[in-house]
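Student: Chains A and B, in that order, give the protein sequences.
Under our numbering, the residues of the first sequence are numbered 1 to 112, in order.
Under our numbering, the residues of the second sequence are numbered 1001 to 1113, in order.
Take the hints with a grain of salt, since some may be wrong.
[Said to hold, decoys possible] Only pairs whose alpha carbons sit at most 27 Å apart, straight line, appear in this in silico DSSO-like list of lysine-lysine:
id, chain 1, residue 1, chain 2, residue 2
1, A, Lys57, B, Lys1056
2, A, Lys57, B, Lys1105
3, B, Lys1069, B, Lys1105
Source of the hints: derived by calculation from the structure; they are not laboratory data.
These are the residues of each chain, in order.
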Amino acid sequence: NAGVTQTPKFQVLKTGQSMTLQCAQDMNHNSMYWYRQDPGMGLRLIYYSASEGTTDKGEVPNGYNVSRLNKREFSLRLESAAPSQTSVYFCASKWGNEDTQYFGPGTRLTVL
Amino acid sequence: SQQGEEDPQALSIQEGENATMNCSYKTSINNLQWYRQNSGRGLVHLILIRSNEREKHSGRLRVTLDTSKKSSSLLITASRAADTASYFCATGLQTGANSKLTFGKGITLSVRP
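Just chain B, same shape as in the assembly:
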């Protein structure tokens, strides 16, 4: 079953604008991660936020986590054409020695030059 649900499903913006993507989930988590997938390629990890954190930054990326609302948002500032990709949120849960990620269906971001 899909844990994370991203919103919107697709987003089209102009280069230089900010892109905001949202993710909601249903059960308890240890962390939430965002991955990027360029067309025809594997997933690349972007940023991780732990359940006891509220906000993290990495370069042009800002992620927030609200565990009371079971939601997260990813902000990409000053977008570039090279940011065009699919973005996935993934919730991480550690159970004993096992650590698993559950992915959402993804958001398609198009950045127009």
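With the rest of the complex left out, here is chain A:
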């Protein structure tokens, strides 16, 4: 039982490049979330998916797109990366009506 996994762990992009961050969970959770964490800030919600087939914007969705590929996988795409998107990205998931979220190890992204 791996929990929540994220790939890659580290990535360096040039401004304007695109990439997809992958997230998968093996806990049969319904809801999945993408957050970003910047120095001196808490986690801010980018997008979430309450269930397979649905996605909704969070607090800071601009510049990102998401895909809930199936129940296990929730990907985050940067179409045209900007230096302001340099951050650590965390994926999280939770089951049904429970309130506790389970986090992945994070992806550290630098945009030059």
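Knowing the structure of chain A, use the given hints to seat chain B on it.
Tutor: Below, chain B without anything else, positioned relative to chain A:
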């Protein structure tokens, strides 16, 4: 917008001492949760308290919630060097089928051996 505001921003204590961290929030909540983050790692859930509860315990952790003051505190008793980490409060709100957490900026706890 940040819902939870933790206080203090940083705390340094000696091993064996108790650590108290506070969190204040602004709007109605369904629950309040505390998470720990070790350096370079993801967040780990510590404890959850619901809006109709006043106090909960889990091992060396004690959390209180005062909804009239919109505040919570986390007490770690008999701290250990391994408790050195960042601690975040997160307020939970259920809206229809959607459940979201809003995190504070975190408290850096250093426990000196």
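Student: Now, for every hint given, state plainly whether the structure supports it.
Tutor: Hint check:
1. Among the hinted pairs, A:Lys57 with B:Lys1056 is inconsistent with the structure: their alpha-carbon atoms are about 33 Å apart, more than 27 Å.
2. Between A:Lys57 and B:Lys1105 the CA atoms are separated by roughly 21 Å; this keeps the pair inside 27 Å, and the hint holds.
3. Our distance criterion of 27 Å between C-alpha atoms is met by B:Lys1069 and B:Lys1105, whose separation comes to about 20 Å.
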